[in-house]
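Same order as they appear, the protein sequences are chains P and X.
Under this note's numbering, the final residue of the first sequence carries the number 322; numbering is consecutive throughout.
Under this note's numbering, the final residue of the second sequence carries the number 1341; numbering is consecutive throughout.
Keep in mind the hints are simulated off the structure, nothing from the lab.
Think of the CB as a built atom: it goes at the ideal place given N, C-alpha and C, for glycine as much as any other residue.
There may be inaccurate statements among the hints.
As the list claims (entries may be wrong) - Capping the alpha-carbon separation at 27 angstroms, the derived lysine-lysine pairs in DSS-like fashion look like this:
1) P:Lys200 x X:Lys1071
2) P:Lys142 x P:Lys155
3) P:Lys2 x P:Lys309
4) X:Lys1189 x X:Lys1006
5) P:Lys155 x P:Lys4
6) P:Lys309 x X:Lys1071
As the list claims (entries may be wrong) - Sample of chain P residues facing chain X (criterion: CB under 8 angstroms; computed from the structure):
7) Leu112
8) Leu245
9) Trp291
10) Ile297
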Amino acid sequence: MKPKYLPLTATIVIFVLSYALCAAQYPNILSTRVIGNLLTDNAFLGIAAVGMTFVILSGGIDLSIGSVIAFTGVFLAVVLDNTAIHPLAAFALVLLITTLFGAVMGAIIHYLEMPAFIVTLAGMFLARGMAFVLSIDSIAIKHPFYGTMKALYYKLPGGGRITLIGGLMLLVFAIGILIAHRTRFGTDVYALGGGTATAKLMGVPVGRTTILIYALSGLLAGLSGIVFSLYTSAGYSLAAVGVELDAITAVVIGGTLLTGGSGFVAGTFIGILIQGLIQTYITFDGSLSSWWTKILIGLLLFVFILMQKGIVYVSRREQRHA
Amino acid sequence: MTAILKSYALRLLPQIIALAAILLMVSFVFPGFFRLEIQNGRLYGSLIDILNRGAPVVLLAIGMTVVIATKGIDLSVGAVMAICGAVAASSITSGHSLAMTLVITLGTGILCGLWNGVLVAILDIQPIIATLVLMVAGRGIAQLVTEGAILTFNDPGLIFLGSGSFAWLPLPVIIWLVFGILVALIVRKTALGMLIEAIGINRQASTLSGVLTPVLLIAAYMLSGLCAAIAGIIAAADIKGADANNAGLWLELDAILAVVIGGTSLLGGRFSIAASVLGAIIIQSINTGILLSGFPPEFNLIIKAAIIVFILVLQSPPVRNAFTFVALLRASRKPTERQAR
């Protein structure tokens, strides 16, 4: 097997094994209801993590997504509360704003040659600040269209439901996989992650790709915010704090190298499912405290980083011998 | 001697100007800003308040500066603060003496730093990821220590560290002043500082030229852990309790910001602890200034973001190059003018 498939395979094996262990203890965890809820509960995180995967594949990082999700939620709540705009139009408007927001961050990173870390940190403050300025209260969204959308679902055998937002996450992952592996842009992203100088020499339009990557991340963070507002039926400026960390963790657990250039969007999906599974298990157990989630995820993160190190080491040695 | 002082002043000039400008702006909207008075043997006033409230970020920034100088970053300091606050609170409530509690807590912080340092130096993991592990798991560990509750204590000795005063100044200010001067002396009066900069500029080259890279790297992260431990003790002593969820939350970002405002490059190399301390004080002045000037606190983050962007633009390579280009143009024009005459 090629070494580049090893992290992905390990992720899938760990997921299947832990699911089997959970199922051995609580057979009900196999029911389609649990699986449907797993998708619905993690939909917003999954959609944001797809954008984060592209950013990390290119060797960057985006710390602003949690704040963008909160901003989107507050924006939708305020707009739907105060105007007669149809939710769909509001969705389009907010997606435009967040995409532009991402694009501007990408442009600053490229043209001012600043580290992505600190630029997106400023973006994080700015987006959260805009959410605060719009409203500091938690505003309920009571538009009837929200009720219609929440009532949409596909019924699985066994009573489980794939809700609109759960399905949307699956769709975003499918499109993300297509973009990463079947388009020119996807190849450019991988090339950029391998090294900016090399990519430039290969003829990759570095500036355009960087801006597009962060615009995509902004777009998906906005979409994730819409999903989050559907999920909670409210907009609150203090919501979704630290989601960027969960997304980064999912990407790393999914086998994407944090130095960029190697990884899979599909791996991120498994990473999301593993995080969701840990939470589901803790809910099933009932006696474990919620802080074990953080410790377990931290441990898992550590194991995966070690494994990636080992793989890189082994593949380098093989290259030297070849 | 004056030449050395002059070079220090030149290095710190942008930060001093920025701080003075911010303080002046605040004093326009809030007239009593510069007033100081002595009550109960302690100085009171907005300026002292800034120095006092800024203590955790200043301390974190001192450790962060050294780590960033090695081309690293320490994302875990906020979580380590929470762990150390929790350890201090649970140690003092379980009947240990104050000295014992301090030893245990500072030891915990150094141990956290050792963990980060080993990941970075021995296992050769990217610093941003290596410290992410503890950042994610750290708050869980802190909650494990406090068993999910906010652990309160009323030991007068420990509380004194957060709210006491000495020589008219609040104790946290004394702690960060002494600690900052100590660290600055250690790195600048020995070759350590230079070796740290060497690692930050080119780790491989410094290893090859005989620098004990792994030891120095681990020491840098241990220093950062120690700083986080002191900051954690102060934060816990201030509220007389350990809050595993909120102690030091997002302070790692403020500390990194302080270092960046201080002009130390995130790409490693030359660093200045004094400049980072000034950076932290600038951040605190902005926070306090916004509160005092009666702006709605909602604008706090936006103003902060705007200031970061402004500083980033000033520090970015293209803008710097443009400045040097203009300076070069002027320099080259002068001799030709003279020749024309």
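Results for each hint:
For the hint pairing Lys200 of chain P with Lys1071 of chain X, the CA-to-CA distance comes to about 25 angstroms; that is within 27 angstroms, so the pair holds. Between Lys142 of chain P and Lys155 of chain P the alpha-carbon distance is near 25 angstroms, which keeps this suggested pair within the 27 angstroms criterion. Between Lys2 of chain P and Lys309 of chain P the alpha-carbon distance is near 16 angstroms, which keeps this suggested pair within the 27 angstroms criterion. Distance check on the hinted pair: Lys1189 of chain X and Lys1006 of chain X sit about 18 angstroms apart at the alpha-carbon level, within 27 angstroms; holds.
Straight-line distance between C-alpha atoms of Lys155 of chain P and Lys4 of chain P comes to about 37 angstroms, which puts the hinted pair past the 27 angstroms bound. A hinted pair counts as satisfied when its Cα atoms are at most 27 angstroms apart, and Lys309 of chain P with Lys1071 of chain X qualifies at roughly 19 angstroms. The interface hint given for Leu112 of chain P is met, as the beta carbon of that residue sits about 4 angstroms from the closest beta carbon of chain X, less than 8 angstroms. Annotation: Leu245 of chain P was flagged as interfacial toward chain X, and the flag holds, the nearest CB pair being 6 angstroms apart, inside 8 angstroms.
Checking Trp291 of chain P against chain X by beta carbon gives a least distance of about 4 angstroms; that is within 8 angstroms, so the hint holds. The interface hint given for Ile297 of chain P holds, since its Cβ lies 6 angstroms from the closest Cβ of chain X, which is under the 8 angstroms cut-off.
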